[in-house]
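Asker: Chains S and F, in that order, are what the protein sequence lines are.
Residue numbers for the first sequence follow this note's numbering, so the first one is 1 and each next one is one higher.
Residue numbers for the second sequence follow this note's numbering, so the first one is 1 and each next one is one higher.
Just so you know, not all the hints are guaranteed correct.
Stated by the list, open to error - Residues of chain F placed beyond 12 Å of chain S at every Cβ, according to the derived structure:
{"#": "1", "residue": "36"}
{"#": "2", "residue": "82"}
{"#": "3", "residue": "114"}
As the list claims (entries may be wrong) - Each computed SDA-like pair below joins lysine to any residue, with the alpha-carbon atoms no more than 20 Å apart:
{"#": "4", "chain 1": "F", "residue 1": "94", "chain 2": "S", "residue 2": "88"}
{"#": "5", "chain 1": "S", "residue 1": "102", "chain 2": "F", "residue 2": "280"}
{"#": "6", "chain 1": "S", "residue 1": "75", "chain 2": "F", "residue 2": "281"}
{"#": "7", "chain 1": "S", "residue 1": "102", "chain 2": "F", "residue 2": "61"}
{"#": "8", "chain 1": "S", "residue 1": "131", "chain 2": "F", "residue 2": "279"}
{"#": "9", "chain 1": "S", "residue 1": "131", "chain 2": "F", "residue 2": "94"}
{"#": "10", "chain 1": "F", "residue 1": "194", "chain 2": "S", "residue 2": "131"}
{"#": "11", "chain 1": "S", "residue 1": "75", "chain 2": "F", "residue 2": "280"}
{"#": "12", "chain 1": "S", "residue 1": "102", "chain 2": "F", "residue 2": "138"}
{"#": "13", "chain 1": "S", "residue 1": "102", "chain 2": "F", "residue 2": "198"}
{"#": "14", "chain 1": "F", "residue 1": "281", "chain 2": "S", "residue 2": "133"}
{"#": "15", "chain 1": "F", "residue 1": "281", "chain 2": "S", "residue 2": "88"}
{"#": "16", "chain 1": "S", "residue 1": "108", "chain 2": "F", "residue 2": "191"}
{"#": "17", "chain 1": "F", "residue 1": "194", "chain 2": "S", "residue 2": "133"}
{"#": "18", "chain 1": "S", "residue 1": "105", "chain 2": "F", "residue 2": "198"}
{"#": "19", "chain 1": "F", "residue 1": "194", "chain 2": "S", "residue 2": "71"}
{"#": "20", "chain 1": "F", "residue 1": "276", "chain 2": "S", "residue 2": "91"}
{"#": "21", "chain 1": "F", "residue 1": "194", "chain 2": "S", "residue 2": "70"}
{"#": "22", "chain 1": "S", "residue 1": "75", "chain 2": "F", "residue 2": "193"}
{"#": "23", "chain 1": "F", "residue 1": "194", "chain 2": "S", "residue 2": "53"}
Just so you know, these hints were derived from the structure itself, not from any lab.
Think of the CB as a built atom: it goes at the ideal place given N, C-alpha and C, for glycine as much as any other residue.
Here is how the chains run, residue by residue.
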Amino acid sequence: MGNILEVKNVSKYFGDFTAVKDVDFVVEEGGFFSILGSSGCGKTTLLRMIAGFLHESEGEIIIRGESMKGIPPEKRPVNIVFQTLALFPMMNVRENVAFGLKRQKLDKTEIDSRVNEMLSRVGLQGFEKKKVTELSGGQRQRVAIARSLVMKPSILLLDEPLGALDRKLREHMKVELKLLQKEIGTTFIYITHDQSEALVMSDKIAVMHEGQFEQIDTPRNLYKNPKTAFVAGFVGDSNRFELSSQEAESLTTTGGWTVSKPGIEKADLMFIRPEALILYPTEGDNDFEYFDVTIKTILFDGSNTKLSTIVNGSDEELLISLPQNAQFESLQEGDSIPIGIHRDDLKCY
Amino acid sequence: MENKKSFNVTFYLLIVPVLLWLVLLIVLPHIDLLVSSFKIENDNGDMVFSLDNYIAFFKHKIYWLTFVKTAAYAIGVTILAFVITFPIAFYLTKVISKKNAAFLVLLLLIPLWVGELVTVYGWMVLLGDHGIINHFLMTLGIIDKPLNMLYTNFSMIIGLLYMSMLFMVVPVMSTLESLDDSLIEAASDLGASKWAIFTRIIIPYSMPGIVSGAIIVFMLVIGDYLAPNILGGKSSLWFTEQIYNEFLSTFNWNEGAAFGFLLLMLSSGIIWLALKLSGQKLEKVGS
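Here chain F stands alone, though its shape is the one from the complex:
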């Protein structure tokens, strides 16, 4: 009895900060946003219940086009992040020695130390009309007019990729680390080609890591504001920018709240679909 009591006290002491965090910073603001997303100001200046905020979204093409585009680009960036980082993760875990790998991982992490804003400005220096890449290409005589790279979808995708890629490397590396090399040898012994080993053994084995990396990358990208805002041009609107505009430019908080909820639904929906399609369970991916 005595023991159980003291356990209970410790348990509550530990759970209280977590609950406070969840309730005060996540649950309550979201409830408030949800409620305000269903309210509009009527002619008398009173707040009344209405679906108008959501209807406005579907009425104006620019809103839902941006919405669809954001989703499509976020999926695209996630896939690109996987394609680029999987060979890196494979190289770091299976090809080189553990000691060298630790050093290279450290190098990979450096961009995270300086923060997203600095790396975004770094890309501006590289990609601008008078930037380093254009300067070199022109000096070498490959082009005579600067390539227009900055303030396009291209520069935005680069920025989004750069900021999110690492979050794919780490979970994929951790599943690949647990992949016993003898599985690869066994597959090869049973007559599997290199391609079959890759598609039938390595990819299925690392699926939990890939999916958890994909979820993180996708969430980061779809909710990112800096890269689309700074690196993207006028044509590359991102849905987070719409939300920002509603809150801070037009001061229509109710519309902004509705947009925020739509984005939450969208990302949750896509993740649910991705989990279904890849046959993974959230518990397994999360561990």
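Bound-form chain S, shown alone:
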């Protein structure tokens, strides 16, 4: 499949401030592409440039092989689902969804059939005459998506559309959105600060930081092999250590914990995922680092329960995931337990 969107070395300046800096990427047709970043990282600016509400200061945006330079939003083959949804409050569900088609001056029977098809696809048949103000959060969400998708855009842009929903509904809509995208096959570009949304739904994720892309990768790779320190710290939970000295193949943290990692180049930081640490390991594997920790507290949080520990013989604190099964039920504060970690899981930058 070809690339539906090419963003070539795009920058955006607001006066002295650089909102987007030399961003360069492609999106494959039919993919679910997410841009993940904290607020103010420039992701919304980038999305608005693709939609045509802002003009890039440098670089070029190409959709389906055509440059979008100078083409206004209403003429671009993209549609956007706004963070606020921006449903038209004076119109009912049907009028909202039909708005774009009416602007194209299509004939009534075609408008009706496309609106009906789209409403049934998002599970809103029977709601045509309802005012949008009478709908629940999830239903409003679906109207907004239907209103954009009915235009058959090349790309659907979504600007944190799940942000306003409560947690339960958000979990549900995440799955629903992913299934909808698979079913209709439209390319989605999804902007979010919520890494779980990005990880669950996307085929590819770009992590954005201070106007630049840190890494573009599949969710699994992004999590397993973060390329930069920022990505390692931003995506998923991590224990972060500053390194004070490095000799041959051993690294020492500022807290005085030494681990060995063969073939390591110069590094300043080390990240360890809580779930990469194995409790009571079977010793003897040369690829593993073995050490003991003392349990400080048990942070109970259901399936996300962690042990807060101190590495024996140092000041370093280490969070370790604690599987909620019978094997580890007897663990108590103050216990000293053996830990093992594969050296590949010591991520150094």
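Following the hints, put chain F in place on chain S, whose structure we already have.
Answerer: Frame of chain S; chain F shown alone:
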């Protein structure tokens, strides 16, 4: 129980002034006017029930012509007020910063501080045969005889517009303020032209504000006396002037009362029609 009782006392204390105001100043005088509008003096000097006051209105062309003209002009001024002020309200809420807008709104309000009479005289100074506008036009050699602007329908409309326009700006601004900019962007994203955005999104969204502004402007204009009397000429009779004449020139209070009621019916009827046509509800417009 205790609580409920004290609530009741507060409630009555608060409602009494409102009721007094309504009953003494609005309901009772109107009942009195309504009753007297159905009475005439017979040959013996006694007041008797009659429809003559109303019949007289339809018999004399000058009365109902003025009546129709007043209604038509009031509607026209209301529409003009909307056309002129909507771009201003849009500019103040959507184009410039909030801080600048607050200052400009303050400037807009200045004419209200000096009162209608002063602004009406201001217009006389501007529009008169030897007024500022004619003076400039003649000095510049654009015209050689003064334009006749004062004491015409034109000057009357200007006066009515000037006095009532602000009452359109304020409610329209308050609805436009609540209009989320992303609605405009969403419409544009869905392929709407500037004109379609204006007619399909902005106008329908601000309809409650427009209608409530229109009602205020219309009521002010149709019931205004000063501008038509001072700025309007002999040909620009206003129905309020007819009422004034009946009460104070011919001392026919019964006829005047009938005219007053006809004007009340007229304005209520037109507002009802306008609400029906625009699909708005009075409760929504009033809020």
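Asker: Hints first: check each against the structure and report whether it holds.
Answerer: Cross-check of the supplied hints:
For residue 36 of chain F, the requirement that its beta carbon stay farther than 12 Å from each beta carbon of chain S is met, with the minimum near 46 Å. Distance check on residue 82 of chain F: its Cβ is at least 18 Å (rounded) from any Cβ of chain S, clearing the 12 Å threshold; non-interface status holds. The beta carbon of residue 114 of chain F is kept farther than 12 Å from every beta carbon of chain S, the shortest such distance being approximately 38 Å. Taken as a hint, the residue 94 of chain F and residue 88 of chain S pair is honoured in the structure, with Cα atoms around 18 Å apart against an allowance of 20 Å.
Restraint check for residue 102 of chain S and residue 280 of chain F: not satisfied, since their Cα atoms lie roughly 24 Å apart, outside the 20 Å limit. For a cut-off of 20 Å, the pair hint linking residue 75 of chain S to residue 281 of chain F is broken: about 37 Å separates their Cα positions. Among the hinted pairs, residue 102 of chain S with residue 61 of chain F is inconsistent with the structure: their alpha-carbon atoms are about 50 Å apart, more than 20 Å. At most 20 Å may separate the alpha-carbon atoms for a hinted pair to count; residue 131 of chain S and residue 279 of chain F meet this at roughly 15 Å.
A hinted pair counts as satisfied when its Cα atoms are at most 20 Å apart, and residue 131 of chain S with residue 94 of chain F does not qualify at roughly 26 Å. Of the supplied pair hints, the one linking residue 194 of chain F and residue 131 of chain S is violated, its CA atoms being roughly 25 Å apart against a limit of 20 Å. Taken as a hint, the residue 75 of chain S and residue 280 of chain F pair is broken in the structure, with Cα atoms around 34 Å apart against an allowance of 20 Å. A hinted pair counts as satisfied when its Cα atoms are at most 20 Å apart, and residue 102 of chain S with residue 138 of chain F does not qualify at roughly 54 Å.
Between residue 102 of chain S and residue 198 of chain F the CA atoms are separated by roughly 15 Å; this keeps the pair inside 20 Å, and the hint holds. The suggested pairing of residue 281 of chain F with residue 133 of chain S holds, with an alpha-carbon distance near 17 Å, which does not exceed 20 Å. At most 20 Å may separate the alpha-carbon atoms for a hinted pair to count; residue 281 of chain F and residue 88 of chain S meet this at roughly 19 Å. For the hint linking residue 108 of chain S to residue 191 of chain F, the alpha-carbon distance of about 17 Å falls within 20 Å, and the restraint holds.
Annotation: proposed proximity of residue 194 of chain F to residue 133 of chain S is violated, straight-line Cα distance about 25 Å (limit 20 Å). Of the supplied pair hints, the one linking residue 105 of chain S and residue 198 of chain F holds, its CA atoms being roughly 17 Å apart against a limit of 20 Å. For the proposed pair residue 194 of chain F and residue 71 of chain S, the alpha carbon gap of about 15 Å is at most 20 Å, so the pair holds. A distance of roughly 18 Å separates the Cα atoms of residue 276 of chain F and residue 91 of chain S; the hinted pair therefore holds under the 20 Å criterion.
In summary, the hint linking residue 194 of chain F to residue 70 of chain S is supported, as the alpha carbons are separated by about 17 Å, within the 20 Å threshold. Between residue 75 of chain S and residue 193 of chain F, the direct Cα distance comes to roughly 10 Å. Compliance with the 20 Å bound is thereby established for this hinted pair. With a C-alpha separation of about 14 Å, the suggested pair residue 194 of chain F and residue 53 of chain S falls inside the 20 Å cut-off, and the hint holds.
Checked against the numbered hints listed earlier, the structure breaks hints 5, 6, 7, 9, 10, 11, 12, 17; every other hint is satisfied.
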